[in-house]
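Student: Top line first, the protein sequences correspond to chains A and B.
Take 1 as the starting number for the first sequence in our numbering and just add one per residue.
Take 315 as the starting number for the second sequence in our numbering and just add one per residue.
Hints are computed from structural coordinates only; laboratory data are not their basis.
We put the CB at the ideal spot given by N, CA and C, even for glycine.
Incorrect hints may appear among the rest.
Pairwise CB distance ranges, derived in the manner of DEER restraints [said to hold, decoys possible]:
id : chain 1 : residue 1 : chain 2 : residue 2 : range
1  : A       : Leu-41    : B       : Leu-349   : 46 to 52 Å
2  : A       : Leu-297   : B       : Gly-411   : 49 to 55 Å
3  : B       : Asp-595   : A       : Glu-218   : 31 to 37 Å
4  : A       : Arg-113   : B       : Leu-611   : 40 to 46 Å
If you want the ones that stay clear, here's a sample from chain B, every Cβ over 10 Å from chain A, calculated [stated by the list, open to error]:
id : residue
5  : Tyr-347
6  : Leu-367
7  : Arg-480
8  : Leu-495
9  : Pro-526
10 : Lys-530
11 : Ile-596
12 : Glu-604
In case you want the letters, here they are:
There are 2 protein chains.
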Amino acid sequence: MFYNPRRKTMTPHDSDILNALDQSGKGIPTPYYLLDESRLLKNLKKIARLRELSGAKSVLALKCFSTWSVFDLMKEYMDGTTSSSLFEAKLGHEKFGKEVHAYSVAYSEEEVREVATFATKMIFNSVSQLERFHPLVKGKNIGLRINPNISFSGFDLANPARPFSRLGATQQTEIERVLPLINGIMFHCNCENNQRDKLTDIIEHISNNFAPLLEKVEWVSLGGGIYFTQEGFPLEAFAEKLAAFSKRFNVQVYLEPGETSITQSGYLVTSVLDLVHNQMDIAIVDAAVETHMLDLLIYRTDAKIALPKKGSHR
Amino acid sequence: MFYNPRRKTMTPHDSDILNALDQSGKGIPTPYYLLDESRLLKNLKKIARLRELSGAKSVLALKCFSTWSVFDLMKEYMDGTTSSSLFEAKLGHEKFGKEVHAYSVAYSEEEVREVATFATKMIFNSVSQLERFHPLVKGKNIGLRINPNISFSGFDLANPARPFSRLGATQQTEIERVLPLINGIMFHCNCENNQRDKLTDIIEHISNNFAPLLEKVEWVSLGGGIYFTQEGFPLEAFAEKLAAFSKRFNVQVYLEPGETSITQSGYLVTSVLDLVHNQMDIAIVDAAVETHMLDLLIYRTDAKIALPKKGSHR
């Protein structure tokens with residue numbers, strides 16, 4: 001978000017943000033990330049409400065958001081963290097506490113030994129990793145990621161069901177062989193999913209295709225990317241679905257909200273350092289995609305500019 | 315680069331690399347970057363040779379390569395560094411020494427004040443930045459980046475002449491106005507350029523279009539991206555072109571080799587942590603594009619795998 005001093009008119013909403021910036025940003029050199037606690041709290045209350053209605057626990061996906069300065073607030077409403085690497089798991093353990101779900105696309109032996117000392121759940125990405133390292137983590141609560149072969153993500157990169165995906169076990173016979181070694185299953189088939197009617201389809205698909213497995217485990221994680229904190233999302237209906245799923249298979253359900261937890265709560269505040277003209281006016285700010293907005297590079301999307309509002313510039 | 319233990323046959327070249335890894339990599343945990351000093355030296359000697367033949371000085375482009383552990387070697391063959399930010403410029407000053415060309419797409423006032431304390435040349439990206447900050451840097455050797463409106467880069471992102479580019483001054487009348495304030499000009503119109511016959515075109519284009527400016531400055535930087543260390547590159551013919559250009563306009567020519575300086579000298583050494591199968595065999599290594607090979611993400615290219623050689627896998 002940047003403020004263009006050339007622009008003169010403001011909407012009431014603009015002036016709210018500007019006032020907040022004036023107060024919070026005094027003396028803070030740009031660029032910086034501004035977190036709006038009141039908006040964050042709005043999301044967190046919805047997360048707590050979903051838990052109350054459905055029994056589903058929510059663990060924060062650290063790969064999406066790891067700004068631990070607000071973890072003290074977040075942990076009052078969430079059940080712990082989930083991670084994708086040794087260092088993320090350590091962060092969750094040290095700064096958030098509560099449940100530490102430790103997952104990795106591939107662990108080294110040293111990482112397994114270290115993570116096992118503090119994780120409350122260890123989730124392996126493949127049957128081969130599970131079989132190789134199980135002797136080292138006996139007695140721990142163990143999970144296996146399963147590729148559900150279904151996804152509603154618009155981003156190919158984040159789609160675990162895309163051809164040749166390395167994310168999650170795919171071979172049914174192998175999975176059955178290791179069932180006695182695991183306590184839970186992690187599915188992840190959504191990313192930035194706001195097609196509400198598809199959520200039902202996903203739960204149906206999993207119920208229909210993995211029933212024999214679901215009946216034998218204690219917990220199931222449905223992953224992240226479900227935008228249930230969005231304005232107008234039918235939270236009650238979704239909660240009912242989750243509760244029915246949980247009851248049918250007698251499992252504790254987990255969700256892994258990342259973006260969902262913090263949506264609409266964060267801004268990157270920058271300053272315009274120069275205005276140049278090359279067929280159009282161009283503002284140069286003191287932030288860059290690689291350094292401050294890497295997700296835009298990964299997904300090839302544009303920054304949403306909160307301020308100034310879109311005009312003849314682009 | 316990774317070593318796949320399943321593969322049994324090796325070429326002689328493979329076994330050279332493997333032997334080097336066995337010796338250099340003993341006890342070093344992966345992932346790590348391996349620099350081959352003997353190959354680096356081969357490039358550096360060509361850079362020194364070009365300087366000798368043409369008089370053109372070469373400054374290392376730190377945005378491409380900033381591994382200061384080999385700067386002691388590199389500074390014997392190169393004339394300094396060029397940078398794109400305050401911190402890069404500081405790195406060049408503290409770890410490389412010699413000439414420090416400090417450029418930034420946009421400086422803040424604080425950055426200008428700090429850079430001015432140690433830079434040997436300060437290069438501004440726009441006429442507006444130059445005019446705004448000139449009073450702060452009077453007496454320094456000042457440069458202006460000019461958009462040459464020509465490029466042979468295959469990558470749109472790295473093409474300074476693409477529509478709406480913010481890189482370099484474009485308005486002829488503005489440039490003429492500030493000529494008395496500057497000592498030199500920076501052009502940058504190549505990126506990963508190995509079309510040798512085009513190099514002549516670029517120098518011709520600049521000579522024809524910017525002659526009145528060139529006659530009034532002391533130095534001209536032709537930027538980076540010219541692959542003159544490549545096997546078979548006509549170094550002598552290129553040197554002659556540069557020398558003629560330098561003589562015609564009575565300017566010191568600079569080149570800014572980045573990739574050119576270190577090509578073929580670096581490897582990312584990783585370990586295979588897991589092998590999974592999803593329609594094909596997939597090796598999972600202990601390195602990632604975002605963390606270790608960001609340029610692949612920026613340019614959407616694939617890693618060149620040095621070892622193992624390409625087989626039925628991909």
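Student: Just pull the numbers of the violated hints for me, sorted ascending.
Tutor: Numbers 2, 4, 7, 11, 12, in rising order.
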